[in-house]
Amino acid sequence: MRDHGPRTHPVRAPATAARTVPGHCRVSDRGRPVSRAQQEDRRRGSDGSSAASAAQRLRGAGAQAAEAAEDAWSAQVNALGGFIRAQRQMAKLSLREMAAMTKVSNAYLSQVERGLHQPSLKVLRSIADALHLDTDQMLSRAGWSFRDDDADPPAAATPDPGRDRAVPDVEAAVAADRRLSDEQKAALLGVYRSFVERD
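If you read the sequence shown in the working numbering, its first letter stands for residue 25, the second for the next number, and so on.
In short, the hints are calculated from the structure, not lab data.
Treat the hints with caution; some may be incorrect.
[Unchecked claim] Label-pair ranges, simulated between beta-carbon atoms: (1) D193 with Y132: 29 to 35 Å; (2) R217 with S144: 17 to 23 Å; (3) R217 with E121: 28 to 34 Å; (4) Y132 with A197: 26 to 32 Å.
The model shown is predicted, which means the values in this text are computed figures rather than measured ones.
Note that CB positions come from ideal geometry on N, CA and C, so glycine has one too.
Please work from the sequences and hints to get the whole structure.
Structure follows, in structure tokens:
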């Protein structure tokens with residue numbers, strides 16, 4: 025028999041990660057050189073993707089916030105329309121009769137009661153007169169702030185202590201009204217506060 029001597033096994037070079045070679049280049053895992061320009065392109069691509077993702081998240085959050093604000097305002101207008109409709113029915117007035125008394129069309133009043141249109145202060149004042157309610161009481165119960173634009177301004181800009189007391193009084197009246205649900209109270213108070221802040 026032939027003596028082949030001790031068996032040997034081929035030695036494989038260990039796999040190495042990307043390494044730097046002369047000339048400011050890197051070698052990829054596959055042994056291909058990667059230039060510095062290619063490295064910068066990859067880095068910029070990664071940064072651009074991250075920025076785009078962040079911008080997309082911000083746009084999504086902004087859209088959700090706008091939608092929530094729109095829903096809240098719609099709920100407030102719906103609550104106001106429901107309040108007007110309830111007062112008209114309690115007064116046993118038809119929509120046509122109140123339209124004639126307020127000099128507003130039937131279609132307009134119908135849209136107001138269904139929460140499809142936000143009435144102006146002038147229209148609300150006419151509705152209060154038709155329902156034989158005090159204008160301030162009507163607007164306060166509906167969660168609105170009232171200011172007569174036709175009235176002459178005061179001679180001097182003096183602080184009105186009654187104005188500051190009116191805010192908690194109005195909010196307390198809305199909160200104590202048992203005819204309103206919790207959702208209606210929240211909506212009416214939201215409308216009232218938004219108009220107070222505008223002043």
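Now the hints, each set against the structure:
no.: 1; hint: D193 with Y132: 29 to 35 Å; result: holds, 31 Å
no.: 2; hint: R217 with S144: 17 to 23 Å; result: holds, 19 Å
no.: 3; hint: R217 with E121: 28 to 34 Å; result: holds, 33 Å
no.: 4; hint: Y132 with A197: 26 to 32 Å; result: holds, 28 Å
Hint violations for this structure: none, all hints satisfied.
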